[in-house]
Amino acid sequence: MEKLLGEFSVGLFFWQSVIFLALLFLLRKYAWKPILNAVNEREEKIAESLELAEKTKAEMKALQAQNENLLKEARAERDSIVKDAKETANKMIEDAKSAAKTEAEKVLTSARQSINAEKAAALAELKTQVAAFSLEIAEKIVRTELSSEDKQKALADKMAGDINLN
Amino acid sequence: MQRLLGILFAFMIACSGAAFANTNEHGAKGHGEAPVTEMSAEDQKRSEMSEYVKHHTQDVHDFHIFSDNSTGKHYGFPLPVILWDNGLHVFLSSKFEHGHATVESKGNYYRLDHGKIYRTNAEGRIVYDEHHHAKNYKPLDLSITKNVFVTLLMALFIFLLFRGIAKGYKKSMAPKGAAKFFEPLVLFIRDDIAIPNIGEKYYKRYMVYLLTVFFFIWFLNLIGMTPLGVNVTGNIAVTFALAIITFIITQTTANGNYWKHIFWMPGVPVPMKIILAPIELLGVFIKPFALMIRLYANMLAGHIVLGSLISLLFIFNNWFARGSFLGLTLFLNLIELMVTFLQAYIFTMLTALYFGFAVEEHHDEHH
Chain B
1 MEKLLGEFSV GLFFWQSVIF LALLFLLRKY AWKPILNAVN EREEKIAESL ELAEKTKAEM
61 KALQAQNENL LKEARAERDS IVKDAKETAN KMIEDAKSAA KTEAEKVLTS ARQSINAEKA
121 AALAELKTQV AAFSLEIAEK IVRTELSSED KQKALADKMA GDINLN
Chain U
167 MQRLLGILFA FMIACSGAAF ANTNEHGAKG HGEAPVTEMS AEDQKRSEMS EYVKHHTQDV
227 HDFHIFSDNS TGKHYGFPLP VILWDNGLHV FLSSKFEHGH ATVESKGNYY RLDHGKIYRT
287 NAEGRIVYDE HHHAKNYKPL DLSITKNVFV TLLMALFIFL LFRGIAKGYK KSMAPKGAAK
347 FFEPLVLFIR DDIAIPNIGE KYYKRYMVYL LTVFFFIWFL NLIGMTPLGV NVTGNIAVTF
407 ALAIITFIIT QTTANGNYWK HIFWMPGVPV PMKIILAPIE LLGVFIKPFA LMIRLYANML
467 AGHIVLGSLI SLLFIFNNWF ARGSFLGLTL FLNLIELMVT FLQAYIFTML TALYFGFAVE
527 EHHDEHH
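These protein sequence lines map, in sequence, to chains B and U.
Everything in the first sequence is counted per this note's numbering, starting at 1 for the first residue and increasing by one.
Everything in the second sequence is counted per this note's numbering, starting at 167 for the first residue and increasing by one.
Heads up, a few of these hints could be off.
Said to hold, decoys possible - Simulated crosslink set (DMTMM-like; lysine to aspartate or glutamate; CA at most 20 Å straight-line):
#1 B:K33 - U:E366
#2 U:K220 - B:E7
#3 U:K333 - B:E43
#4 B:K61 - B:E43
#5 U:K337 - U:E349
To be verified - Listed next, the stretches of chain U that the computed footprint assigns to chain B, with coverage defined by at least 3 CB atoms under 8 Å from CB atoms of chain B:
#6 320-327
#7 405-418
Unchecked claim - Examples of chain B residues toward chain U, derived with CB under 10 Å:
#8 F8
#9 Q16
#10 I19
#11 L23
#12 F25
#13 L27
#14 R28
#15 A31
#16 P34
#17 L36
#18 N37
#19 R42
#20 L50
Source of the hints: derived by calculation from the structure; they are not laboratory data.
Built from N, CA and C at the ideal position, the CB exists for glycine as well.
Input sequences plus hints: build the corresponding full structure.
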């Protein structure tokens with residue numbers, strides 16, 4: 001212990017304390033604070049980034065799920081639209097068909113009617129024409145029959161004969 | 167790594183050579199009055215070696231690198247001597263001529279004896295007592311000794327190093343260069359020393375001290391491993407300075423709970439409280455004392471062991487023994503290299519632990 005105290009140097013103790021304290025204050029200002037701050041900042045940034053990444057991942061997942069849902073909905077809608085369209089088209093065709101049929105029948109009926117009317121008119125005209133022709137023929141025949149005296153006489157005779165017979 | 171070992175090896179050889187030269191000089195001149203001629207050559211060698219090891223671990227007033235024993239010349243440079251003896255006395259240590267000259271300053275005479283400066287008469291007489299201790303008056307010695315000088319250099323180095331690292335963070339968030347190596351250490355001190363011992367709530371206010379003390383001790387321990395022969399942290403004044411700062415910080419930042427645990431231990435009967443108070447109070451002083459002794463003893467012991475082993479290389483005149491001692495020295499050198507880190511870690515760790523006691527909050531469930 002005596003040796004220990006004998007070795008103790010007040011000067012060394014003094015300078016060591018001065019140097020150490022000076023170093024302490026200098027390092028605090030110029031080294032430890034900036035270093036620790038930088039490290040802390042970086043750690044916070046890393047933590048934040050990780051959190052953000054996690055969040056983004058979750059968001060992505062949600063978005064994906066949403067997309068899938070949307071896709072599903074879209075598909076369902078498309079199917080229903082296609083189905084509707086098909087139905088509508090079919091209906092339209094059916095409608096058109098029936099309309100066309102009705103129209104055609106209508107046309108047919110009216111055509112028949114007009115044909116019948118035309119036929120009746122034609123027949124009527126034909127009758128008139130035939131009657132006129134018959135009259136003309138009869139007139140011509142009569143005229144021929146009665147063109148000479150002999151013939152008139154013969155005819156009168158014949159007619160007289162017929163009358164006799166009756 | 168292999169190259170590093172090679173360099174270390176070369177250093178050790180150089181170190182030993184310088185030391186050998188140095189002790190020879192001392193034996194011949196420094197202790198001229200000792201009965202050198204009566205000793206056998208081997209005894210003389212041995213005493214030189216022990217003198218060398220002792221010398222190596224002590225603080226000196228000049229920066230001595232090595233001596234040429236054939237010419238008796240010293241290589242190194244002097245450092246300023248600052249004395250307070252009814253006024254400031256400042257002169258260069260070279261004036262002492264390694265203890266052979268008396269220095270006159272402002273009417274007073276000083277002489278260097280066994281690394282200490284004494285006030286003497288004009289002839290430079292030093293009076294010894296029966297234990298060969300000088301009885302002369304010792305003025306207050308505030309010299310920039312080798313240890314102070316090395317500490318200053320290391321402090322400057324630490325400052326520039328970490329300021330450089332701090333500047334690097336302004337440019338980019340990722341560590342670059344030296345920061346790649348030192349950032350994990352800084353984080354280690356924060357995450358494995360400060361936070362577990364002090365707690366999340368208060369650790370920040372102690373970080374500056376913990377980091378500084380760790381790197382200060384570690385770097386000074388490391389410089390002690392070089393063949394420059396400095397032994398800063400193996401010096402009781404140095405460890406005392408560090409321990410007392412830990413002590414002051416602990417006591418000044420302590421909360422009521424800390425003092426209550428010392429003077430009026432909760433959860434024990436009143437007679438026990440009275441018995442525990444002085445014990446606990448003693449503990450307050452023992453803790454920094456243990457810090458001081460631990461670092462001092464470990465570093466000093468390391469230096470003495472390594473110095474002795476290197477000395478053994480020169481005592482044995484047998485190549486086989488020299489080779490094996492060289493291997494052992496190398497091995498112990500590596501262990502000592504680990505000890506430099508370990509002691510810095512332990513000092514910081516215990517300091518953090520004491521800070522943790524000081525700011526511990528009251529927990530009812532513990533009692």
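Here is how each hint holds up against the structure:
Using a Cα cut-off of 20 Å, the hinted pair K33 (chain B) and E366 (chain U) holds, with the two alpha carbons roughly 17 Å apart. With a C-alpha separation of about 12 Å, the suggested pair K220 (chain U) and E7 (chain B) falls inside the 20 Å cut-off, and the hint holds. Note on K333 (chain U) and E43 (chain B): the hinted pairing holds, with a Cα-Cα distance of about 18 Å set against a maximum of 20 Å. Among the hinted pairs, K61 (chain B) with E43 (chain B) is inconsistent with the structure: their alpha-carbon atoms are about 27 Å apart, more than 20 Å.
A hinted pair counts as satisfied when its Cα atoms are at most 20 Å apart, and K337 (chain U) with E349 (chain U) qualifies at roughly 16 Å. Residues of the region 320-327 of chain U with a Cβ under 8 Å from some Cβ of chain B number 3, which satisfies the need for three, so the listed coverage holds. Residue count for the region 405-418 of chain U with a Cβ under 8 Å from a Cβ of chain B: 5. That meets the three needed, and the coverage hint holds. Interface hint at F8 (chain B): satisfied, since its Cβ lies 5 Å from the closest Cβ of chain U, which is below the 10 Å cut-off.
The interface hint given for Q16 (chain B) holds, since its Cβ lies 4 Å from the closest Cβ of chain U, which is under the 10 Å cut-off. For I19 (chain B), the shortest C-beta to C-beta distance to chain U is roughly 5 Å, which falls under 10 Å, so the interface hint holds. Interface restraint check: L23 (chain B) against chain U, minimum CB-CB distance 4 Å, threshold 10 Å, status holds. Contact between F25 (chain B) and chain U, as hinted, is supported at the beta carbon level, the nearest pair being about 9 Å apart and thus within 10 Å.
Here the hint on L27 (chain B) is kept, as its CB sits about 5 Å from the closest CB of chain U, short of 10 Å. Taken as an interface hint, R28 (chain B) checks out: its beta carbon lies about 4 Å from the nearest beta carbon of chain U, inside 10 Å. For A31 (chain B), the interface hint holds, the least distance from its beta-carbon to any beta-carbon of chain U being 4 Å, beneath 10 Å. With 10 Å as the threshold, the beta carbon of P34 (chain B) comes within range of chain U, its nearest partner Cβ sitting at about 4 Å, so the hint holds.
Against a cut-off of 10 Å between C-beta atoms, the interface hint on L36 (chain B) holds, since the closest Cβ of chain U lies about 6 Å away. The restraint placing N37 (chain B) at the interface with chain U holds, with a minimum CB-CB distance near 8 Å, inside the 10 Å limit. Annotation: R42 (chain B) was flagged as interfacial toward chain U, and the flag holds, the nearest CB pair being 5 Å apart, inside 10 Å. Of the supplied interface hints, the one on L50 (chain B) is violated, with its beta-carbon coming no nearer than about 15 Å to a beta-carbon of chain U, more than 10 Å.
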